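Q: For reference, the chains in residue letters:
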Amino acid sequence: KQEVTQIPAALSVPEGENLVLNCSFTDSAIYNLQWFRQDPGKGLTSLLLIQSSQREQTSGRLNASLDKSSGRSTLYIAASQPGDSATYLCAVRRFERTGRRALTFGSGTRLQVQP
Amino acid sequence: EAGVTQSPTHLIKTRGQQATLRCSPISGHTSVYWYQQALGLGLQFLLWYDEGEERNRGNFPPRFSGRQFPNYSSELNVNALELEDSALYLCASSMGQGFNQPQHFGDGTRLSIL
Numbered sequence: 005k006q007e008v009t010q011i012p013a014a015l016s017v018p019e020g021e022n023l024v025l026n027c028s029f030t031d032s033a034i035y036n037l038q039w040f041r042q043d044p045g046k047g048l049t050s051l052l053l054i055q056s057s058q059r060e061q062t063s064g065r066l067n068a069s070l071d072k073s074s075g076r077s078t079l080y081i082a083a084s085q086p087g088d089s090a091t092y093l094c095a096v097r098r099f100e101r102t103g104r105r106a107l108t109f110g111s112g113t114r115l116q117v118q119p
Numbered sequence: 231e232a233g234v235t236q237s238p239t240h241l242i243k244t245r246g247q248q249a250t251l252r253c254s255p256i257s258g259h260t261s262v263y264w265y266q267q268a269l270g271l272g273l274q275f276l277l278w279y280d281e282g283e284e285r286n287r288g289n290f291p292p293r294f295s296g297r298q299f300p301n302y303s304s305e306l307n308v309n310a311l312e313l314e315d316s317a318l319y320l321c322a323s324s325m326g327q328g329f330n331q332p333q334h335f336g337d338g339t340r341l342s343i344l
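Each protein sequence line maps, in turn, to chains A and B.
Every position in the first sequence, counted from 1, becomes a number in my numbering once 4 is added.
Every position in the second sequence, counted from 1, becomes a number in my numbering once 230 is added.
Hints listed in this document are in silico derivations from the structure and should not be mistaken for laboratory results.
Since the model is a prediction, treat every value here as computed from it, not as a measurement.
Glycine is no exception: its CB is placed at the ideal position from the N, C-alpha and C atoms.
Just so you know, not all the hints are guaranteed correct.
Chain B stretches covered by chain A per the calculated footprint, using a threshold of three residues with CB under 8 Å from any CB of chain A [stated by the list, open to error]:
| # | stretch |
| --- | --- |
| 1 | 267-276 |
| 2 | 330-342 |
Pulled from the structure, derived: some chain A residues nowhere near chain B, Cβ distances all over 10 Å [unchecked claim]:
| # | residue |
| --- | --- |
| 3 | Ser69 |
| 4 | Ser73 |
| 5 | Arg76 |
| 6 | Arg114 |
So the derived label-pair ranges between C-beta atoms look like this [unchecked claim]:
| # | chain 1 | residue 1 | chain 2 | residue 2 | range |
| --- | --- | --- | --- | --- | --- |
| 7 | A | Arg59 | B | Leu313 | 42 to 52 Å |
| 8 | A | Val24 | B | Asn301 | 39 to 49 Å |
| 9 | B | Thr244 | A | Gln55 | 40 to 50 Å |
| 10 | A | Gln6 | B | Pro292 | 18 to 28 Å |
| 11 | A | Gln6 | B | Glu314 | 17 to 27 Å |
| 12 | A | Ala82 | B | Gln248 | 46 to 56 Å |
| 13 | B | Thr250 | A | Val24 | 34 to 44 Å |
| 14 | B | His240 | A | Gly64 | 26 to 36 Å |
| 15 | A | Ser73 | B | Arg293 | 40 to 50 Å |
| 16 | B | Thr244 | A | Gln85 | 41 to 51 Å |
| 17 | B | Arg293 | A | Thr30 | 27 to 37 Å |
| 18 | B | Lys243 | A | Asn22 | 37 to 47 Å |
| 19 | B | Gln247 | A | Ser50 | 25 to 35 Å |
| 20 | A | Glu60 | B | Gly233 | 21 to 31 Å |
Could you build all of it, start to finish, from the sequences and the hints given here?
A: Encoded structure:
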């Protein structure tokens with residue numbers, strides 16, 4: 005059974021800092037890994053999708069890396085801003101015998117960027 | 231392009247009642263997924279519909295059911311509501327069944343059971 009862990013559970017940093025969020029998964033046979041952002045009481049916004057054949061993806065100040073063999077992904081946020089405050093979730097997709105193609109989510113990292 | 235839309239935004243019910251939640255996927259998306267986000271439990275996969283058929287379901291009792299309509303919109307029905315059904319219910323859509331298609335989420339329906 006796939007398990008996804010995110011560390012730390014919560015993080016508070018001053019504005020302007022570069023920071024790294026971590027995601028680890030137990031089964032390396034994944035198709036892809038997706039990072040999401042969730043604002044309080046809201047749905048999820050897709051940030052980056054890394055295919056299993058890729059090592060990293062970049063979008064603006066965000067960079068996500070994937071190391072399948074070690075079961076790890078990191079989300080790097082450069083020059084953090086108060087508007088980056090949210091919960092960040094990683095999710096992996098793998099094929100299961102049941103045919104399930106849904107995502108398995110980590111519990112998230114709650115980020116607070118202090119102005 | 232309109233994103234995934236869900237209705238209602240909030241729904242308040244009492245124990246034993248039935249709830250119906252609705253989801254409209256992004257235009258062109260044929261797959262719809264339902265997730266439950268209960269306090270302290272994280273996001274759990276509920277149901278997956280594609281091309282009008284239920285393709286798979288998560289570890290939830292049969293009183294959680296749904297359907298997908300010819301226009302690819304979807305309903306989630308929860309019967310015999312229990313207190314622990316209180317949660318944010320999120321719908322996501324993707325283009326086809328491809329493994330490598332990202333899922334796009336709506337803002338959810340918050341279901342409160344009194």
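Q: With reference to the structure, classify each hint as holding or not holding.
A: Okay, the hints, checked on the actual structure:
{"no.": "1", "hint": "267-276", "result": "holds (count 3)"}
{"no.": "2", "hint": "330-342", "result": "holds (count 9)"}
{"no.": "3", "hint": "Ser69", "result": "17 Å, holds"}
{"no.": "4", "hint": "Ser73", "result": "19 Å, holds"}
{"no.": "5", "hint": "Arg76", "result": "19 Å, holds"}
{"no.": "6", "hint": "Arg114", "result": "13 Å, holds"}
{"no.": "7", "hint": "Arg59/A to Leu313/B: 42 to 52 Å", "result": "45 Å, holds"}
{"no.": "8", "hint": "Val24/A to Asn301/B: 39 to 49 Å", "result": "43 Å, holds"}
{"no.": "9", "hint": "Thr244/B to Gln55/A: 40 to 50 Å", "result": "46 Å, holds"}
{"no.": "10", "hint": "Gln6/A to Pro292/B: 18 to 28 Å", "result": "24 Å, holds"}
{"no.": "11", "hint": "Gln6/A to Glu314/B: 17 to 27 Å", "result": "24 Å, holds"}
{"no.": "12", "hint": "Ala82/A to Gln248/B: 46 to 56 Å", "result": "48 Å, holds"}
{"no.": "13", "hint": "Thr250/B to Val24/A: 34 to 44 Å", "result": "42 Å, holds"}
{"no.": "14", "hint": "His240/B to Gly64/A: 26 to 36 Å", "result": "33 Å, holds"}
{"no.": "15", "hint": "Ser73/A to Arg293/B: 40 to 50 Å", "result": "42 Å, holds"}
{"no.": "16", "hint": "Thr244/B to Gln85/A: 41 to 51 Å", "result": "43 Å, holds"}
{"no.": "17", "hint": "Arg293/B to Thr30/A: 27 to 37 Å", "result": "31 Å, holds"}
{"no.": "18", "hint": "Lys243/B to Asn22/A: 37 to 47 Å", "result": "45 Å, holds"}
{"no.": "19", "hint": "Gln247/B to Ser50/A: 25 to 35 Å", "result": "33 Å, holds"}
{"no.": "20", "hint": "Glu60/A to Gly233/B: 21 to 31 Å", "result": "26 Å, holds"}
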